[in-house]
Amino acid sequence: MYPSELVYTKEHEWARREADGTVTIGITAHAQEALGDVVYVELPDVGKELEQGETFGVVESVKSVSDLYSPCDGVVVAVNEALRKAAEKVNSDPYGAGWICRVKPSNPGQLDALMTAAAYQTFLGEG
Amino acid sequence: MDGRVPARAGYRVLDAEGQAIGRVTSAAPSPSLERNIGLAYVPTGHHAIGTPLRIEVRGRVEPATVVKAPFIQPGS
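Residue numbers (my numbering), protein chains in the order written: chain S, 1 to 127; chain X, 1001 to 1076.
These are computed hints drawn from the structure, not numbers from a lab. As the structure is a computational prediction, the values presented were derived from the model and not from experiment. Heads up, some of the hints might be wrong.
Mimicking DMTMM-like on lysine to aspartate or glutamate, the simulated pairs with C-alpha atoms at most 25 Å apart in a straight line are [what the hints assert, rightly or not]:
(1) Lys85(S) to Asp1015(X)
(2) Lys63(S) to Glu1017(X)
(3) Lys89(S) to Glu1017(X)
(4) Lys85(S) to Asp1002(X)
(5) Lys89(S) to Glu1034(X)
(6) Lys63(S) to Glu1062(X)
The shape of chain S in the complex, shown without the other chains (with noise of 0.2 Å):
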């Protein structure tokens, strides 16, 4: 449910380090679960440069609207065009198909202070 090298948010992003040295983010499984069925999501510009902390996008699902959150400082490289058509993806693959943007990261050192998959459970109270 909650991959070990992936890093989470209170706010229930999650970041994953790439190979070269960009930071994939998406929401995590308890995110999507309890938005419920995603309809939409807002995603930010590539080039977007993001504060850690600082709302970057909106995810809209049947139920409500809920703020992204950027889990690092740094600036949008990629974002996920598939979830235009298919925000879905957010609720089916929340970890692969559904990831929202990639970011370079220009203080990767701040995702050392996230939680891990073990923090974040604990979090939710599932520890």
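Please arrange chain X on chain S, whose structure you already have, making use of the hints.
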């Protein structure tokens, strides 16, 4: 809503010229209709079926159209 972005309660309703004229009272994506639907207060004169409106969504303006209620006909 004509587009893919759902409106939510409290969003401002604008007329076709961009003047603020009312507020969304409730709105959501409809899984049955696969459309974004909602209810809003607008002044008389903007209420006729087919009237084009705009709804302000996070600083952007999304098109919407006045339609006949109920959204789903009973028994359909």
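Do the hints match the structure? See the list:
no.	hint	result
1	Lys85(S) to Asp1015(X)	28 Å, violated
2	Lys63(S) to Glu1017(X)	31 Å, violated
3	Lys89(S) to Glu1017(X)	37 Å, violated
4	Lys85(S) to Asp1002(X)	16 Å, holds
5	Lys89(S) to Glu1034(X)	17 Å, holds
6	Lys63(S) to Glu1062(X)	20 Å, holds
In terms of the numbered hints stated before, the structure departs from hints 1, 2 and 3, listed from lowest to highest.
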